[in-house]
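Peer 1: One letter stands for each residue in the lines below.
2 protein chains.
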Amino acid sequence: MRIQATDERHYLVEVFTKLGFNHDDSQLLADTLVDADLRGISSHGIQRLAWYRRMIKEGTIIPQNKAKIIRELPGSVLVDANQNMGQLATVLATQKIIEKAKKTGVAIAVIRNSNHFGTAGYYTRLALEAGLVGVALTNTRPLVVPTNATQAFLGSNAFAFGFPASPYPFMFDGATCVVSGGKIQVHAKKGEPLPGEWAVDKDRQVVTDAQEAEDILATAAFTEGEQKGGGVLTLGGSNEENSNYKGMGNSIVIELLTGILAQGSISADTVSGKHDFSQFVMVLNPAFFGDPEVLKKDATSMLDRIRQLEHIPGKEIWVPGDREYRLLAENKEKGVTIDEKTYQEMKEIGTELGIDVP
Amino acid sequence: MRIQATDERHYLVEVFTKLGFNHDDSQLLADTLVDADLRGISSHGIQRLAWYRRMIKEGTIIPQNKAKIIRELPGSVLVDANQNMGQLATVLATQKIIEKAKKTGVAIAVIRNSNHFGTAGYYTRLALEAGLVGVALTNTRPLVVPTNATQAFLGSNAFAFGFPASPYPFMFDGATCVVSGGKIQVHAKKGEPLPGEWAVDKDRQVVTDAQEAEDILATAAFTEGEQKGGGVLTLGGSNEENSNYKGMGNSIVIELLTGILAQGSISADTVSGKHDFSQFVMVLNPAFFGDPEVLKKDATSMLDRIRQLEHIPGKEIWVPGDREYRLLAENKEKGVTIDEKTYQEMKEIGTELGIDVP
Numbered sequence: 015m016r017i018q019a020t021d022e023r024h025y026l027v028e029v030f031t032k033l034g035f036n037h038d039d040s041q042l043l044a045d046t047l048v049d050a051d052l053r054g055i056s057s058h059g060i061q062r063l064a065w066y067r068r069m070i071k072e073g074t075i076i077p078q079n080k081a082k083i084i085r086e087l088p089g090s091v092l093v094d095a096n097q098n099m100g101q102l103a104t105v106l107a108t109q110k111i112i113e114k115a116k117k118t119g120v121a122i123a124v125i126r127n128s129n130h131f132g133t134a135g136y137y138t139r140l141a142l143e144a145g146l147v148g149v150a151l152t153n154t155r156p157l158v159v160p161t162n163a164t165q166a167f168l169g170s171n172a173f174a175f176g177f178p179a180s181p182y183p184f185m186f187d188g189a190t191c192v193v194s195g196g197k198i199q200v201h202a203k204k205g206e207p208l209p210g211e212w213a214v215d216k217d218r219q220v221v222t223d224a225q226e227a228e229d230i231l232a233t234a235a236f237t238e239g240e241q242k243g244g245g246v247l248t249l250g251g252s253n254e255e256n257s258n259y260k261g262m263g264n265s266i267v268i269e270l271l272t273g274i275l276a277q278g279s280i281s282a283d284t285v286s287g288k289h290d291f292s293q294f295v296m297v298l299n300p301a302f303f304g305d306p307e308v309l310k311k312d313a314t315s316m317l318d319r320i321r322q323l324e325h326i327p328g329k330e331i332w333v334p335g336d337r338e339y340r341l342l343a344e345n346k347e348k349g350v351t352i353d354e355k356t357y358q359e360m361k362e363i364g365t366e367l368g369i370d371v372p
Numbered sequence: 015m016r017i018q019a020t021d022e023r024h025y026l027v028e029v030f031t032k033l034g035f036n037h038d039d040s041q042l043l044a045d046t047l048v049d050a051d052l053r054g055i056s057s058h059g060i061q062r063l064a065w066y067r068r069m070i071k072e073g074t075i076i077p078q079n080k081a082k083i084i085r086e087l088p089g090s091v092l093v094d095a096n097q098n099m100g101q102l103a104t105v106l107a108t109q110k111i112i113e114k115a116k117k118t119g120v121a122i123a124v125i126r127n128s129n130h131f132g133t134a135g136y137y138t139r140l141a142l143e144a145g146l147v148g149v150a151l152t153n154t155r156p157l158v159v160p161t162n163a164t165q166a167f168l169g170s171n172a173f174a175f176g177f178p179a180s181p182y183p184f185m186f187d188g189a190t191c192v193v194s195g196g197k198i199q200v201h202a203k204k205g206e207p208l209p210g211e212w213a214v215d216k217d218r219q220v221v222t223d224a225q226e227a228e229d230i231l232a233t234a235a236f237t238e239g240e241q242k243g244g245g246v247l248t249l250g251g252s253n254e255e256n257s258n259y260k261g262m263g264n265s266i267v268i269e270l271l272t273g274i275l276a277q278g279s280i281s282a283d284t285v286s287g288k289h290d291f292s293q294f295v296m297v298l299n300p301a302f303f304g305d306p307e308v309l310k311k312d313a314t315s316m317l318d319r320i321r322q323l324e325h326i327p328g329k330e331i332w333v334p335g336d337r338e339y340r341l342l343a344e345n346k347e348k349g350v351t352i353d354e355k356t357y358q359e360m361k362e363i364g365t366e367l368g369i370d371v372p
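Going down the list, the protein sequences come from chains A and B. So for the first sequence, my numbering puts the first residue at 15; every next one is plus one. So for the second sequence, my numbering puts the first residue at 15; every next one is plus one.
Check before you lean on any hint, since a few could be wrong.
What the hints assert, rightly or not - Below are the DSS-like pairs computed for lysine-lysine, each with C-alpha atoms no more than 30 angstroms apart in a straight line:
no.	chain 1	residue 1	chain 2	residue 2
1	A	K288	A	K203
2	B	K82	A	K116
3	A	K82	B	K310
4	A	K288	B	K311
5	B	K216	A	K329
6	A	K348	A	K203
7	A	K216	B	K117
8	B	K310	A	K110
9	B	K346	B	K361
10	A	K329	A	K346
11	A	K71	A	K197
12	A	K117	B	K117
These are calculated hints, taken from the structure and not from any lab test. Owing to the predicted nature of the structure, the values given are computational and were not obtained by experimental measurement.
Produce the entire structure from the sequences given, and follow the hints as far as they go.
Peer 2: Take a look at the structure:
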């Protein structure tokens, strides 16, 4: 089913307010979820609401806590999310470094003691709105098996990068591993086999049964100790010959810039109770390097040339952002798509909190 | 054959001096090539010398030119390599931003009007020696076919990342595509087939004959216009199902941060004469986020845990840096390996310039 984004937003603001967030924080949280749904990233939209609510009930997320700036330098800030939602601390941090980067050319933020922060792309879009280039990273639950390993250890570790272009920005936003856990979940829900080299079992054999892969991931993500095996592959697939160690390298880079720099948990240690995720955001000011309009024009021209390259008959060449901004235009008009299970959860939450469901 | 690194260095300093570089620049250039050979990255070692010399003769590289700082802010610097070797401008830029990052926490440099800059890892190691985290990027000749495309357009675009760890740093340094052109060249020289999904022809069929792949790359790298087809695959291989668009995304990110930010050429436009490569370097100061010794210990512990994960019987789990630092220890003792063709070139250059070959 589809509902209008304004109705989704209204509902979410009411829910977050009832769950204990103040007015501004409720507005912001609603915006991050609506934004994801509008862009077709429904894995990070309102379908997360029941999970967030469960974590609030369990005390993993504490809605009244304020994010705190621990330290700052002209180009850097260290933020403590104070066990509240990752979105709140990361927006604070991103706003802070946007101001800094206007003076220094570049600035970074590390967020510790955090929770899930929605789509990484949300923060790079804040940078883009300020005319800046943005990068956002997060670690996650442990889902990914390093090269030659038979156990999950690394996070699916999101990487978002936004650069100004027309008619919309270059927007890369996704897990560093071959696919996110969410994509495997979608195949499991539909009862469809996995179409590529996405996951392996405890003997590092490629798994094509989506439900089997989903079970492997659930165990990897939530089990302490040694009984688990298998997980999602790094970008590059199952064999060393196709350079899957490069995918592993990209994933470890994010572990270092998030959990290690933040002195929080690495993905492997987020399995129990409290998340303790960490995030990293960087913004840089293209105006330092040249006329922003010229840079934007040059980027646009390059992306257009890529789209127009000779290609396999019947296929198109899409660059990062194309899918998202096409869906954004469509969903703004037609409303966002909500699956049946999520709509049931929305109704339960509505009944419990005394809120009308759109 | 093997020669001692000190002999290689001595020879190279003499050659670069005779080619018109001043004493300091000759020392630095020799160091970058010896460093690559010591680490087993022979594609970027002394085997590049004949190519560098040819570009100097042709006027693509002008040894007397000085790199210039065009603009700076507290966290940023824009450098013009002034059509001299990329190594000279990038060392200048990296030293500059190391000083800046000590005050601001992070700093970036963009280098325009540059040439080949050796291994990207060299500059991240400069950062590591100063106790900082380093990132270095460069664009290259066009070798890489985007998802669904049948033409090369993107560079093999190197990404290096260094983070302090014991007994040696985490060092990731490589092409963002599935393999570098150099690796295909090695297979062609040995007459061995390509073992993975590395390259495709003009119909986007995977090529396993190394010489055929090598011919495709040579055409892609040096031909203007439309007659070329095929190239190296992005990380993720030939099929969209294995998320090769993520590898494409990583490659485009580097195009944006190098050629576009520098207002130089994108990889696709470096095919004729003058290289006009661009580079990007970032350093950040881990001491801002926590005690550097603790961060180093945490990183080391994570890397050790990865190395010790359960794995396929008979295989090892290596993390980025392991191969390089093992070879460094071995080559420091036994000398660096020089292939026969390179040694012939060294002799020819020696005869021409009146320099004894080690």
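Peer 1: State for each hint whether it applies.
Peer 2: Evaluation of the provided hints:
no.	hint	result
1	K288(A) x K203(A)	holds (27 angstroms)
2	K82(B) x K116(A)	holds (23 angstroms)
3	K82(A) x K310(B)	holds (25 angstroms)
4	K288(A) x K311(B)	holds (23 angstroms)
5	K216(B) x K329(A)	holds (15 angstroms)
6	K348(A) x K203(A)	holds (24 angstroms)
7	K216(A) x K117(B)	violated (47 angstroms)
8	K310(B) x K110(A)	holds (27 angstroms)
9	K346(B) x K361(B)	holds (23 angstroms)
10	K329(A) x K346(A)	holds (26 angstroms)
11	K71(A) x K197(A)	holds (27 angstroms)
12	K117(A) x K117(B)	holds (14 angstroms)
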